[in-house]
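K.L.:
Here is how the chains run, residue by residue.
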Amino acid sequence: MIWAAGAVLLRAWLLSPEVCPQVSAGEAVADARAAAAWMARVQEPDGSYLYEFDLDKNEQVPGYNAVRHAGVTMALYQLAAAGEASSLPAADRGLAWMRARLYEHDGWAAIRDDAGGVETGGSALLLAGLAQRRLATGDTAYDDFMRQVGRFLVVMQQDDGSFLLNYDIHAGAPDPSERSKYATGEAFWSLTLMHRAFPGEGWDVAARRTADYLSLRRDTVEGQNFPPWADQWAAYGLAEMADWPLDDANVAYARALAERFGFLVRVESQRTDGVLSKLFHGRRSRGAGMGTWSEALDSLWRLSGADPRLADLRDEIGERAACAAGMLHERQLSAEDAADTKNPPVAEGAWFTEGLTRMDDQQHSLSGLLRSAAILDERKRPR
Amino acid sequence: MSTFAFLLVTFLAAVNPPAIALAAAGFDGETRRGRALAAGGGVAVALALYLAAALGAETWLEALDVAPETFRLAAGLVMVVAGGYAVWRGRVAAGAGEGGWLAGISPLGVPLLASPAGLVAAISHGADDGEGKTLAAALVVIALAGVLAFLAPRRGGAALDAAARLLGALLIVLAAGLAVDGVRAV
Numbered sequence: 001m002i003w004a005a006g007a008v009l010l011r012a013w014l015l016s017p018e019v020c021p022q023v024s025a026g027e028a029v030a031d032a033r034a035a036a037a038w039m040a041r042v043q044e045p046d047g048s049y050l051y052e053f054d055l056d057k058n059e060q061v062p063g064y065n066a067v068r069h070a071g072v073t074m075a076l077y078q079l080a081a082a083g084e085a086s087s088l089p090a091a092d093r094g095l096a097w098m099r100a101r102l103y104e105h106d107g108w109a110a111i112r113d114d115a116g117g118v119e120t121g122g123s124a125l126l127l128a129g130l131a132q133r134r135l136a137t138g139d140t141a142y143d144d145f146m147r148q149v150g151r152f153l154v155v156m157q158q159d160d161g162s163f164l165l166n167y168d169i170h171a172g173a174p175d176p177s178e179r180s181k182y183a184t185g186e187a188f189w190s191l192t193l194m195h196r197a198f199p200g201e202g203w204d205v206a207a208r209r210t211a212d213y214l215s216l217r218r219d220t221v222e223g224q225n226f227p228p229w230a231d232q233w234a235a236y237g238l239a240e241m242a243d244w245p246l247d248d249a250n251v252a253y254a255r256a257l258a259e260r261f262g263f264l265v266r267v268e269s270q271r272t273d274g275v276l277s278k279l280f281h282g283r284r285s286r287g288a289g290m291g292t293w294s295e296a297l298d299s300l301w302r303l304s305g306a307d308p309r310l311a312d313l314r315d316e317i318g319e320r321a322a323c324a325a326g327m328l329h330e331r332q333l334s335a336e337d338a339a340d341t342k343n344p345p346v347a348e349g350a351w352f353t354e355g356l357t358r359m360d361d362q363q364h365s366l367s368g369l370l371r372s373a374a375i376l377d378e379r380k381r382p383r
Numbered sequence: 001m002s003t004f005a006f007l008l009v010t011f012l013a014a015v016n017p018p019a020i021a022l023a024a025a026g027f028d029g030e031t032r033r034g035r036a037l038a039a040g041g042g043v044a045v046a047l048a049l050y051l052a053a054a055l056g057a058e059t060w061l062e063a064l065d066v067a068p069e070t071f072r073l074a075a076g077l078v079m080v081v082a083g084g085y086a087v088w089r090g091r092v093a094a095g096a097g098e099g100g101w102l103a104g105i106s107p108l109g110v111p112l113l114a115s116p117a118g119l120v121a122a123i124s125h126g127a128d129d130g131e132g133k134t135l136a137a138a139l140v141v142i143a144l145a146g147v148l149a150f151l152a153p154r155r156g157g158a159a160l161d162a163a164a165r166l167l168g169a170l171l172i173v174l175a176a177g178l179a180v181d182g183v184r185a186v
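These protein sequence lines map, in sequence, to chains A and B.
Counting from 1, one number per residue, gives the positions in the first sequence under our numbering.
Counting from 1, one number per residue, gives the positions in the second sequence under our numbering.
It should be emphasised that the hints constitute simulated quantities derived from the structure, not laboratory data.
Cβ coordinates follow ideal geometry from the N, Cα and C atoms, glycine included.
There may be inaccurate statements among the hints.
A short list of chain A residues far from chain B (calculated; beta carbon distances all over 10 Å) [what the hints assert, rightly or not]:
id	residue
1	6
2	19
3	259
4	316
One side of the interface only, derived from the structure: several residues of chain B facing chain A at Cβ under 7 Å [said to hold, decoys possible]:
id	residue
5	52
6	62
7	64
8	66
9	70
10	116
11	165
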């Protein structure tokens, strides 16, 4: 009797079915396009986007965030770089919003947030977006501007490779009191993209310093209780460095990241909207969370194809990435789903959790689905 | 340590032959023939179940709809509980039986030889390390445990008790490793 009860408990908890809905590469790209259409639809004339929306109350949730704005714009440029030029106008409007908020000093440039502060993350994602724009269009008009933003990132970098969160305008120096676990990864990826755009200018030196910090010291220095910190930006950067190549510590870190993101996807695939599932597994993750896992796994899958030291993980990473894409596909509101809501234009193409969506839900999900298309394509081919 | 040697150690800890010998020694009214029937029946039942668990590992996981990595975590938990019980009580979780062939089916076959810890280990390692190796390792340990159950020594209980507890502790260590591996796997 005790064993039977234990078996039932185990089935409800650790051994719940892992459900990975099927999605094709074409469907994943279509989902990404729908997310981009959402961004364009909710964009204001000044280039800002709808920040957060409560579908149950049919009202906006107040607030805005320059870092997330830069992230959404970067995702639109990623889609353009993948061949969807239709996302460029909205992305360029988003870029104009950021260029209207620049703080320029001593040869560098950074975005100011609404409170007037200068934060590293927003500028890092602005730079990543500009790099994607350059890939999409071949337009070199912003090259000097990219270098200006890149120089700001180097100003914010500490000797150990980490990045400080804020620049103190009044003091005329980076604020040494606070690091950012997000900005370090964001800046790292941007610097690797700078090296791709401008090889020979030395951006790789700064990027390598951060790669070593992330690989060897970050979790200890920043007190991560369950390392490694699930940092999809780091995965992007490592994938960009694949042919530099990575050193052994970077490879070990990439492996640890794959394990972390794979676990997160496995746990999420056991979650449903049912009461019992919420009791045993917690509520489903929001689109932004799943999107970041998808982005990370997509990047690590690319890396595992380029670096033989990670080749043994390629199939498993691909399987988890496909699972994450399938869940994102299933949970995005289609036009038909949206028609039954209080606000179909805001609902269509978005991911809602407990009735809420925020613009980064669409950002990360778009990026994840878009980049997973290559994996889904490869996995359907006979081997 | 080779995979096969590791599997042998795992099944030794999961099946815990000294604890089974202690349990078999507690069967009532045993004759030599009765003990032979019980041991033979128990080994036959356990053999069938380990065959199904190890050779059908992937089928079981597909039926459950879980990845092998996820199953490792659950298997680790089951093994921790079994190991903890063995450390605490010095034997496996089953009461004394009547002896004879019926005792061979239960408790000797299930849940002593074919224990929850042994069966989940067979499924998990069958999926991860190969069905043949896993089954072979399980069979060696079942045979050893069957012989000990037949001999059911009336003396040396303290040594068996100590060995059972030590194997329980070993099972906890192996289970923790398996569970951590389940968390850390992609």
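K.L.:
Let's test the interface hint: is any C-beta of chain A closer than 7 Å to that of residue 116 of chain B?
P.N.:
Hint on residue 116 of chain B: holds, closest Cβ of chain A at ~6 Å, below 7 Å.
K.L.:
Once the closest CB in chain B is found, is it more than 10 Å from residue 19 of chain A?
P.N.:
Residue 19 of chain A not clear of chain B: closest Cβ-Cβ about 7 Å, inside 10 Å.
K.L.:
Per the CB criterion, is residue 165 of chain B less than 7 Å away from chain A?
P.N.:
Check failed: Cβ of residue 165 of chain B comes no nearer than 21 Å to chain A, outside 7 Å.
K.L.:
Please check whether residue 66 of chain B passes as an interface residue: C-beta within 7 Å of a C-beta belonging to chain A.
P.N.:
Because about 5 Å separates residue 66 of chain B from the closest Cβ in chain A, which is inside the 7 Å limit, the hint holds.
K.L.:
Going by Cβ atoms, does residue 316 of chain A stay more than 10 Å from chain B at every point?
P.N.:
Given that some Cβ of chain B is not farther than 10 Å from that of residue 316 of chain A, nearest at about 4 Å, it is violated.
K.L.:
Is the shortest C-beta separation between residue 70 of chain B and chain A less than 7 Å?
P.N.:
Holds, about 5 Å.
K.L.:
May I ask you to test the interface hint for residue 52 of chain B with respect to chain A, counting a Cβ-Cβ separation under 7 Å as satisfied?
P.N.:
violated, 16 Å
K.L.:
Does the interface hint hold: is residue 62 of chain B within less than 7 Å of chain A, judged Cβ to Cβ?
P.N.:
violated, 11 Å
K.L.:
Non-interface claim for residue 6 of chain A: all C-beta distances to chain B beyond 10 Å?
P.N.:
Since the minimum Cβ distance to chain B is about 8 Å, residue 6 of chain A lies within 10 Å and the statement is violated.
K.L.:
Regarding the assertion that residue 259 of chain A does not contact chain B, is the least Cβ-Cβ distance greater than 10 Å?
P.N.:
violated, 5 Å
K.L.:
Do the numbers back the hint for residue 64 of chain B, that is, is its least Cβ distance to chain A under 7 Å?
P.N.:
holds, 6 Å
Checked against the numbered hints above, the structure breaks hints 1, 2, 3, 4, 5, 6, 11 and satisfies the rest.
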